[in-house]
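For chain A, the structure is supplied; the task is to place chain B on it using the hints.
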Amino acid sequence: MAILLLAEHDNKALKDSTHKALTAAKALGSDVHVLVAGSGCRPVAEAAAKLDGVTKVLLAEGGPFEHMLAEPLAALIVSLAASYDAIVAPATSVGKNCLPRVAALLDVMQVSEIVKVVSPDTFERLIYAGNAVQTVRSRDAKKVITVRTAAFQATPEGGSPAPIEAAAGNNDPGISSFVGEELSQSDRPELTSAKVIISGGRAMQSRENFTKYIEPVADKLGAAVGASRAAVDAGYAPNDWQVGQTGKVVAPQLYIAVGISGAIQHLAGMKDSKVIVAINKDEEAPIFQVADYGLVADLYQALPELEQELGKLGR
Amino acid sequence: MKVLVPVKRVVDKDIKIRVKADSSGVELANVKMSMNPFDEIAVEEAIRLKEAGKATEIVAVSIGPQQASETIRTALAMGADRGILVKTEPGVEPLAVAKILKGIVDAEQPGLVILGKQAIDDDSNQTGQMLAALLGWPQGTFASKVVVEGSDILVTREVDGGLQTVRLKGPAVVTTDLRLNEPRYASLPNIMKAKKKPIDEKAPDAYGVDVKPRLEIVKTSEPPTRKSGVKVGSVAELVAKLKNEAGVL
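Going down the list, the sequences are from chains A and B. Going by the working numbering, the first sequence opens with residue 1, and the numbers climb by one from there. Going by the working numbering, the second sequence opens with residue 1001, and the numbers climb by one from there.
Next up, chain B with everything else stripped away, as it sits in the complex:
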């Protein structure tokens, strides 16, 4: 079974982002970029399926600017076999990304697509579900465990009340939650080897997809800040303040 793993290039999770003064967006110039952390988990899961003999080939896909090829290289260094870069301007919306991915799935015919449940830049949490919809495939979102059982895929999902397990008739789309696995670091020899692995470059037109945004970003602003309060000296003082001043006890 071939596994397709879409990966997104985003601002590194440890960077504190800044909103531009003119409210036109978030400052992205000279900011460290990395693979979306949920997508690292997706790459790791695909590699583990291959190591367990369930997957035969792992194809990493990124949709974004030329630099997104670096994100694909990271996936290749972790253990993916080859890459596909669909070159676009940054900021393509989840719906258009899902349409491009559908085109790639139609061409590549994977048995499983594993993606991060959301990207830590736009926090949309949509692409996997949309791709499953466009393909008419079942979806196992927010996965904390994935078991391939013949042509079925059993996915344990993190839901509001606890955990839910569903059986999906493959092919299927899985989106990763935090506790699915701990992604490995690429070793130096594997980073060197990844440089020789192939990356195909495509344009969205190759899949007949219009990437024009449907949402107009009117403005981007700083969130309201909370002013910090007071330090109290003891538990008794805390309880007294909560009761008499804040009125929440």
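For reference, chain A alone in the conformation it holds in the complex:
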């Protein structure tokens, strides 16, 4: 039998988290089918069909799937589940919302946010905000798994595209509906797929300081902007910027932490970054223990200087 991977997308484009979860799915079995559920999302299915190792794309289009609400989406996945050994989704807000619902309907104990596939039934995942690694073996016949995408490389496009089939079934239970959304509008890359991230902490002191000090550097670097939980809780940054155990888990090439002390829960969200830079005026800040390059400095002086130095490099 095969593996069913739920695609992450916005009805227009396939998201990078799908490419990464695919890498985990391929470690479970050779026959990976991608489910694209949405509305007017054929281009997404076509993009998924090109990915290496995908043998089929199932396209389910319809109003109830437009916003990927858990109730209709879980019903759809359950209706397809009989043909699959494992159901996999990236641990995005859609995956985290929907997949446990699928698991319960199938009477399966989900394995959440795996960071490694040891074998098709054994996985590594982090517990206690990343302070311990648990290796678990699933005894369920069918596996239901979410994937911490920062822990996997993206699967590139492969040879000839896989066939796209319509997935039958609109069994929306009709108990939930979409009312509205406020999505951050930004020309910057998304946090979870950015190559460079610059994040600010409580020391930023205000939303205006993010705009004045962090964002110009982000623009020079083509970086995404993140924030610590403390900064988000204080209202200095929107919730979708939060990097940490309960926010987004990221692993960019370069992560610059500015005015962030380095609470455990923040480190859990970024410590797999390739290169970590910390700028903090407190030289005892725990963030320096994980930083490759630490600069003890006042951020209000260091950030404008950083912007200038980057400018000298032609950025």
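Any given hint might turn out to be false.
Pairs of lysine to aspartate or glutamate residues, derived as EDC-like cross-links and limited to a Cα-Cα distance of at most 16 Å, are as follows [as the list claims (entries may be wrong)]:
| id | chain 1 | residue 1 | chain 2 | residue 2 |
| --- | --- | --- | --- | --- |
| 1 | B | K1145 | A | D233 |
| 2 | B | K1002 | B | E1108 |
| 3 | A | K116 | B | E1201 |
| 4 | A | K50 | A | D31 |
| 5 | A | K220 | A | E305 |
| 6 | B | K1219 | A | E182 |
| 7 | B | K1231 | A | E284 |
| 8 | A | K212 | A | E284 |
| 9 | B | K1002 | B | E1070 |
| 10 | B | K1145 | A | D172 |
| 11 | B | K1169 | A | D172 |
| 12 | A | K142 | B | E1216 |
| 13 | B | K1212 | B | E1093 |
| 14 | B | K1087 | B | E1201 |
| 15 | B | K1219 | A | E124 |
| 16 | B | K1202 | B | E1027 |
| 17 | B | K1212 | A | E182 |
| 18 | B | K1020 | B | E1245 |
| 19 | B | K1212 | A | D107 |
| 20 | B | K1087 | B | E1070 |
| 21 | B | K1145 | A | E181 |
| 22 | B | K1013 | B | D1122 |
| 23 | B | K1231 | A | D298 |
| 24 | B | K1195 | B | E1070 |
| 25 | B | K1227 | A | D272 |
| 26 | B | K1197 | B | E1070 |
| 27 | A | K274 | B | E1245 |
| 28 | B | K1196 | B | E1070 |
| 29 | B | K1231 | A | E181 |
| 30 | A | K312 | B | E1237 |
| 31 | B | K1243 | A | E307 |
| 32 | B | K1231 | A | D282 |
I should point out that these hints are in silico values taken from the structure, not numbers from a laboratory.
Showing chain B alone in chain A's frame:
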């Protein structure tokens, strides 16, 4: 409307946990235990609904060892009305917890169940979604705002791109995110009053639930550590190192 609030007893959020030397798990002996922080937010939200006249009674439930009754007492001291303790060994998995909670919902008939989005020990983020599935109820996960509007519940959710609002036909399950509210501290008079509030004790068998784990924990190990790097003296030196040494600029 009755509101059910499941609460979990976990290692206190400020404790730095230690992995046991024999890789059999995390050291839990003589470690300070507290209510899961997301569950405190759930209790607070239920109390606010009651204060606003939307909820009539708040039932706090915990599934765990005898000491989990202390966690229920904390919820009672905050303002919950009564408790139910389902006594089990520690470490019952989310699926079994959801099944037990379904049994309690069937008996208690609440209009709303509010839970934390995840427990800070196993970080599973599953129980609320699983309970909603088993009940056939809608779910409003990762809530940053909850509005009861007649029989509907409007939930604003923290999602990857920002915020999303959904309308749920009650009864429903809501799971809390960090910014839903700031939980209150229990006052001393309320802590005293909570001692007189009733806690029912049950066994999982009462709900016909098998709590045998589906996941075998093969081992628990220390995460790989990152060695700390160097301190640089200036921004210019930092940029030079990032460009020439790390090669990331």
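Here's how the hints hold up against the structure:
For the hint pairing K1145/B with D233/A, the CA-to-CA distance comes to about 14 Å; that is within 16 Å, so the pair holds. Simply put, K1002/B and E1108/B have alpha-carbon atoms about 8 Å apart, close enough for the 16 Å limit, and the pair holds. For the given pair, K116/A sits about 40 Å from E1201/B by alpha-carbon distance, which is inconsistent with the 16 Å threshold. Distance restraint check for K50/A and D31/A: the Cα-Cα separation of roughly 14 Å lies within the 16 Å cut-off, and the hinted pair is therefore satisfied.
Taking the CA atoms of K220/A and E305/A, the gap is near 12 Å; set against the 16 Å cutoff, the hint holds. About 42 Å separates the Cα atoms of K1219/B and E182/A, which puts this hinted pair outside 16 Å; it is violated. For the proposed pair K1231/B and E284/A, the alpha carbon gap of about 12 Å is at most 16 Å, so the pair holds. For a cut-off of 16 Å, the pair hint linking K212/A to E284/A is broken: about 26 Å separates their Cα positions.
Among the hinted pairs, K1002/B with E1070/B is inconsistent with the structure: their alpha-carbon atoms are about 22 Å apart, more than 16 Å. Between K1145/B and D172/A the CA atoms are separated by roughly 25 Å; this puts the pair beyond 16 Å, and the hint is violated. Distance restraint check for K1169/B and D172/A: the Cα-Cα separation of roughly 13 Å lies within the 16 Å cut-off, and the hinted pair is therefore satisfied. For the proposed pair K142/A and E1216/B, the alpha carbon gap of about 15 Å is at most 16 Å, so the pair holds.
Distance check on the hinted pair: K1212/B and E1093/B sit about 8 Å apart at the alpha-carbon level, within 16 Å; holds. Among the hinted pairs, K1087/B with E1201/B is consistent with the structure: their alpha-carbon atoms are about 7 Å apart, no more than 16 Å. Restraint check for K1219/B and E124/A: satisfied, since their Cα atoms lie roughly 9 Å apart, inside the 16 Å limit. The hinted pair formed by K1202/B and E1027/B fails the criterion: a straight-line CA distance of about 27 Å is larger than 16 Å.
Distance hint between K1212/B and E182/A is unfulfilled; the C-alpha atoms sit about 42 Å from each other, more than 16 Å. Of the pairs offered as hints, the one joining K1020/B and E1245/B is violated, with about 38 Å between alpha carbons and a cut-off of 16 Å exceeded. Restraint check for K1212/B and D107/A: satisfied, since their Cα atoms lie roughly 13 Å apart, inside the 16 Å limit. For the hint linking K1087/B to E1070/B, the alpha-carbon distance of about 13 Å falls within 16 Å, and the restraint holds.
A distance of roughly 13 Å separates the Cα atoms of K1145/B and E181/A; the hinted pair therefore holds under the 16 Å criterion. Of the pairs offered as hints, the one joining K1013/B and D1122/B holds, with about 13 Å between alpha carbons and a cut-off of 16 Å not exceeded. Between K1231/B and D298/A, the direct Cα distance comes to roughly 14 Å. Compliance with the 16 Å bound is thereby established for this hinted pair. Annotation: proposed proximity of K1195/B to E1070/B holds, straight-line Cα distance about 10 Å (limit 16 Å).
About 12 Å separates the Cα atoms of K1227/B and D272/A, which keeps this hinted pair within 16 Å; it holds. Note on K1197/B and E1070/B: the hinted pairing holds, with a Cα-Cα distance of about 12 Å set against a maximum of 16 Å. For the proposed pair K274/A and E1245/B, the alpha carbon gap of about 13 Å is at most 16 Å, so the pair holds. Simply put, K1196/B and E1070/B have alpha-carbon atoms about 13 Å apart, close enough for the 16 Å limit, and the pair holds.
Annotation: proposed proximity of K1231/B to E181/A is violated, straight-line Cα distance about 43 Å (limit 16 Å). Restraint check for K312/A and E1237/B: the C-alpha separation of about 13 Å stays at or below 16 Å, so the hint holds. This hinted pair checks out: K1243/B and E307/A have alpha carbons roughly 14 Å apart, not beyond 16 Å. Pair hint K1231/B plus D282/A holds up; C-alpha atoms about 13 Å apart against a cutoff of 16 Å.
Consistency with the previously given hints fails for numbers 3, 6, 8, 9, 10, 16, 17, 18 and 29, ordered from lowest to highest.
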